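As a plain string of letters, each chain reads:
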Amino acid sequence: MTPAALNFESYIRQLIRQGDLDGALGYVRFIVDHIRHDPASVGQTLTSPTLDRLCGEIGALSLAQLRSASEFTTLSAQPADVIILATELYALGGHTRLIEDMIAAQPGKRHLVLLTDFLGSGAAYRPALDAEVKIAQGEQRIDKLLWLQHELAQHPQAQVLVFNHHGDAAAIAAIQRGLNREVIFCHHADHHLCLGAHLGDRIHDARHVDFFAHHHRHCCEHGIPAAYWPISVPDRGSRSHAPDSFLRRGQLVTCTSGVWTKFNPLYPFHYWEELPGMLHASGGTHIHIGDIPPELLAAMRDHLAANGVKPDRLIHIPKVTSVWDTLLERKVDLYIGSFPLGGGRALIEALGAGIPAVVHRHPLLDTNGLGPADTATWSTPEELRSILKGATRENLAARSQSARVHYLQFHNPQVFKACVSERHVVPTPSFVPVAADAVSAYLLRAACRHEELDAVFQQLQQRIAGNADVLNDDGIVASAQVTLDEAIALFTAGKLEAAYTAFSQIVERSPASPVVLIHLGLIAISAGLDEDADVFFGLAIECAPDRASTEASIGQQCMNAYAPAFAERYLAQALESNPRLTGAYALLTDVWQMQGRTDDALAALQSRMQQSAAVEPEILSRLVTLARNTGNIDVEYAACLQARQYPELHCRAISLMSRRNDISRNQLSTEARRFASAHVKTRATTLPFVAHRPLRVGFVMGRLDNDDTGARLESLLCHLDPAAFETILFFDEIVDSPLVQRALLVVDSCHAISRMDADAATSIIRKQNIDVLVNLQLHDHVATLLLFAQRLAPMQLNWSVPARTSALANVDCVVCAEKDYTANDFTEKCLAVNVDDTCGPAFASAFGEAIVSLWQQRAGTPAKQS
Amino acid sequence: MNETKHPFWSVIVCSINAAKFAQVTSLYERLLADRPFEIIGIDDATSLCEGYNRGIAVARGDILVFSHDDILILDENFADKVEARLGDDFQVLGFAGSAQLTDGYWWASGPQHMRGAIAHAAPGDRKISLFVYGVNEAHTERVQALDGLCLIAQRRVVEKLRFDAETFDGFHLYDLDFTFSAAQTGFNVGAMTDIPIIHMSSGGFDTVWQAYRERFLEKHAAALNRQPNAPAPPPRALKARAVEFRDITALRAAWQPLYLRRATIALRRSIA
Chain P
54 MTPAALNFES YIRQLIRQGD LDGALGYVRF IVDHIRHDPA SVGQTLTSPT LDRLCGEIGA
114 LSLAQLRSAS EFTTLSAQPA DVIILATELY ALGGHTRLIE DMIAAQPGKR HLVLLTDFLG
174 SGAAYRPALD AEVKIAQGEQ RIDKLLWLQH ELAQHPQAQV LVFNHHGDAA AIAAIQRGLN
234 REVIFCHHAD HHLCLGAHLG DRIHDARHVD FFAHHHRHCC EHGIPAAYWP ISVPDRGSRS
294 HAPDSFLRRG QLVTCTSGVW TKFNPLYPFH YWEELPGMLH ASGGTHIHIG DIPPELLAAM
354 RDHLAANGVK PDRLIHIPKV TSVWDTLLER KVDLYIGSFP LGGGRALIEA LGAGIPAVVH
414 RHPLLDTNGL GPADTATWST PEELRSILKG ATRENLAARS QSARVHYLQF HNPQVFKACV
474 SERHVVPTPS FVPVAADAVS AYLLRAACRH EELDAVFQQL QQRIAGNADV LNDDGIVASA
534 QVTLDEAIAL FTAGKLEAAY TAFSQIVERS PASPVVLIHL GLIAISAGLD EDADVFFGLA
594 IECAPDRAST EASIGQQCMN AYAPAFAERY LAQALESNPR LTGAYALLTD VWQMQGRTDD
654 ALAALQSRMQ QSAAVEPEIL SRLVTLARNT GNIDVEYAAC LQARQYPELH CRAISLMSRR
714 NDISRNQLST EARRFASAHV KTRATTLPFV AHRPLRVGFV MGRLDNDDTG ARLESLLCHL
774 DPAAFETILF FDEIVDSPLV QRALLVVDSC HAISRMDADA ATSIIRKQNI DVLVNLQLHD
834 HVATLLLFAQ RLAPMQLNWS VPARTSALAN VDCVVCAEKD YTANDFTEKC LAVNVDDTCG
894 PAFASAFGEA IVSLWQQRAG TPAKQS
Chain U
2 MNETKHPFWS VIVCSINAAK FAQVTSLYER LLADRPFEII GIDDATSLCE GYNRGIAVAR
62 GDILVFSHDD ILILDENFAD KVEARLGDDF QVLGFAGSAQ LTDGYWWASG PQHMRGAIAH
122 AAPGDRKISL FVYGVNEAHT ERVQALDGLC LIAQRRVVEK LRFDAETFDG FHLYDLDFTF
182 SAAQTGFNVG AMTDIPIIHM SSGGFDTVWQ AYRERFLEKH AAALNRQPNA PAPPPRALKA
242 RAVEFRDITA LRAAWQPLYL RRATIALRRS IA
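Here the protein sequences line up with chains P and U, keeping their order.
Note that the first sequence covers residues 54 to 919 in this note's numbering.
Note that the second sequence covers residues 2 to 273 in this note's numbering.
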């Protein structure tokens, strides 16, 4: 480090005065890199107002240069609405996915991605984005800055989202007052010094956004007015929270995920070293998702063997399309966050999937709020081992549920979208403050600086020295035996040449492996070698124990590979071999739909339904979906009636019945009773009546739309006396419309319960301490109905029309709003509100009075008024 | 037919953007079509206080409007409503503010004391966001200070009080200072909640704002009941009820007392 670094500000100013803007940009980067690579700076030195100010001065001078050029004033013929300013895009980590989320959060806007290529890597990674992408021209740093400002100036009305790499001085220098309509600094850098956090100091209106609660807290504590847009991951469904779904084989399945740079900073201990102890403690298997250099992976396996752990208890998956899906597919019981540096996005995927998480407490990093309050945290390896040893079905199940709830509250895409569109401000999660100990932090910093390579790394070095040429371009270890998992992972990742080599190696060892032969056939299809594909598939069928199943499997995989002709041929073959293969039949109709032959598919599905003695779920679900999508109501109705054993379809049948002229109310009521007795096993229960405030009325909606139900809801929300009622809305899905927006404006609070399992939705509703729960949709939405059949509130009301009864346990009352009917028409207690307009204020008023009266009857005490 | 004699209006706009100035001029020409009015454009203001004071010096109006150039008022009865309310009831009007000012920004004392509603739509944005801060029963609510996107004052106010160009020599806190000073002087200041207005930009805190905030706190320390030179706490986030609409028709449909009042109750309950 040069002495000038001690006085970097004046040194950089000197360069600026000399007109050496390129040198000044380079020196800013030098300082950032120097600090960033010092492990003792992690979590400590995150922003620098001085460096940001210097960038601003450099950029002001370059802009002045540019303004003297005549072409500067040219405006783009295709003005961008949003410019994403990044250094480059990355195949690994969450950076590029966050950019994708940003683009998706503002659909309909024209996005332009400007890459500075400030690090000179060539910005070669180019994923498919819904945006135009441009890369900075020029060799020198100042060339890149001038190019960037020239581009930005062409879009004065654009909103600029800044996603720079830590030391990208050009990106920060380029941002100048008045150049663009709005600037938002997206503080995505993990734990390290990053330029740009203080952009707001010099750019009026520039905003600073953090994506993680602990970053947001850090910035606020350092005087940066920051907004919090919690990072989101698309909801791909949760695992079961039932205790018996954990530790399925009596063994704990753990998982970590992340690029290996998260695991390898200098630190008192390392993942690689701790793995044997972790596996001893868990007694199960451990999955690692993410690239690990092959030589390191081999060293890890050696280390496991040397410590008495079978190496195959570590399963390595180099790359996956979705961490979330992989966690669910692999039935992971416990997710261990990467350490010592935590990875945000993967942890959120785990929480969303309902996987309990364990997070490392780094002495220099504030990781509070990274998960729900009951997230287990550990500091020393002994603590981690203790957590693993102490994992039980019950504690995993409890934390699974809170993980999922945390995801839905903070990291659901709807929340992120609302933040981006500035619809609402998200509070940072509550957390228990942990007092930092300055001495332990100092000792850790000192230890980091003086750490020597540990045994694993020495072993690693020896291995590298002994096998200098083990790596090839595709990351295959030529001298080692490739496993089937690794070969499939290469295939899944689209590295077909490497996958071909890997499968070929395996087939030499095991020539009669259908799985390998099928994959070789699929690779042949991708290469356009159809005849070779048939040869591989033929060999796979010959050596498989079950011919028909293998043919069906080939058909399915060909369909997944978008090879419908192959798929149709092999599925047909499978059905010839075994006509009872329902799955193959169903897949064949999928192939026809893929080919646009919907009539053939519908006829085939109907025919199969009629011929089968018992309902075949795979056929039925396809028939119902296809009938609905093609508007064939009669076919859908018939299919739903035939499939009463499925609650969704039975419910749909009742809903369709209510719209038919040939069905009487008595028939409808009979069907409602049949539904209740078949699908709702809950017994009537009670909850205590506690009216300690305005009555809390909860409305459970499947789909909130601009329809009659939406209008009824809006009216109730507006006209129920706020002194007597507080309104809470639970919805599965929202269809954007003025009516829906007005409802969201006036409701006291709303909670998404979309795609939740019943337990999680029940938990959310119960937490709200609802007094009166109202279902306005009757049989239109089965999930609502089944939720409603639980006792979630002391008093529960169901909209009555058109059946004479809900026939459900725990429905205390039906609402009768039709003048033709009287209370005697209903089995349940009837709350008769006989007014002309069920969407008007008179109805809401009558409804409110009736609720209060009913509440008083049942509770025995009047509802208190606020 | 009786012809009503309307007061003379002076609209003062500081703008460096010709397109925006033309747009806002057209807005006021429409809103004041049947009244005597003048529009005074200041395109070289060194600060908003300086610009507005220069406008006041040449203004002939009985009613003076100090307007941003990036607003849109959606009520054809704007002029009638303002004239009816200016007089003994109110002498200064605006659209959002605080009924109890405690700091250098009007939402500092929280939702219980915030008044008004404003829609925001960034240029080129296809959505309009309605922010409800606080709407009670009255269409105009008594406040101590107002946001400066559009301020309306009777002439007698500016005869007694000018914008403080010496203290606020930039583009921040001129509004809060002027309206708070008016309230302190004894004028009635009000936020109108029944006139839909769209602001086509957004504000933010920066270090420049912070510096003016400190000046404001120093100037009004006694009125704000603060210790002189007491450190200012970090600014709190603006809490509002907000939803998005795709068009002005939808916005107007929601800008009704019933919805705004109910949204206010929900906002205050959520904070409580």
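Note that these hints are calculated values from the structure, not bench results.
All of these numbers come straight from a predicted model, not from anything done at the bench.
Treat each hint with caution, since some may be false.
Listed below are the simulated DSSO-like cross-link pairs for lysine-lysine, each with C-alpha atoms no more than 30 Å apart in a straight line [said to hold, decoys possible]:
hint, chain 1, residue 1, chain 2, residue 2
1, P, Lys-470, P, Lys-363
2, U, Lys-128, U, Lys-82
3, U, Lys-161, P, Lys-162
4, P, Lys-470, U, Lys-240
5, U, Lys-128, P, Lys-162
6, P, Lys-820, U, Lys-21
7, P, Lys-187, U, Lys-240
Away from chain U, derived, C-beta distances all over 12 Å, residues of chain P [what the hints assert, rightly or not]:
hint, residue
8, His-90
9, Asp-258
10, Asp-355
11, Glu-436
12, Arg-746
No residue lacks a Cβ here, since even glycine has one placed at the ideal position from N, Cα and C.
These are the hints, each one checked on the structure:
Distance check on the hinted pair: Lys-470 (chain P) and Lys-363 (chain P) sit about 46 Å apart at the alpha-carbon level, beyond 30 Å; violated. Our distance criterion of 30 Å between C-alpha atoms is met by Lys-128 (chain U) and Lys-82 (chain U), whose separation comes to about 28 Å. The suggested pairing of Lys-161 (chain U) with Lys-162 (chain P) is violated, with an alpha-carbon distance near 49 Å, which exceeds 30 Å. Distance hint between Lys-470 (chain P) and Lys-240 (chain U) is fulfilled; the C-alpha atoms sit about 18 Å from each other, no more than 30 Å.
Restraint check: the Cα-Cα separation between Lys-128 (chain U) and Lys-162 (chain P) comes to about 11 Å, which is no more than 30 Å; the hinted pair holds. As the CA atoms of Lys-820 (chain P) and Lys-21 (chain U) are separated by approximately 50 Å, the hinted pair breaks the 30 Å bound. Using a Cα cut-off of 30 Å, the hinted pair Lys-187 (chain P) and Lys-240 (chain U) is violated, with the two alpha carbons roughly 38 Å apart. Listed as a non-interface residue, His-90 (chain P) keeps its Cβ farther than 12 Å from every Cβ of chain U; the least gap is roughly 30 Å.
A beta-carbon of chain U comes within 12 Å of the beta-carbon of Asp-258 (chain P); the shortest separation is about 5 Å. At roughly 53 Å from the closest C-beta of chain U, the C-beta of Asp-355 (chain P) stays outside 12 Å, upholding its exclusion from the interface. No Cβ of chain U approaches the Cβ of Glu-436 (chain P) within 12 Å, the least distance being about 35 Å, so the stated non-interface status holds. Annotated as non-interface, Arg-746 (chain P) brings its C-beta within 12 Å of a C-beta of chain U; the closest such distance is 10 Å.
Consistency with the previously given hints fails for numbers 1, 3, 6, 7, 9, 12, ordered from lowest to highest.
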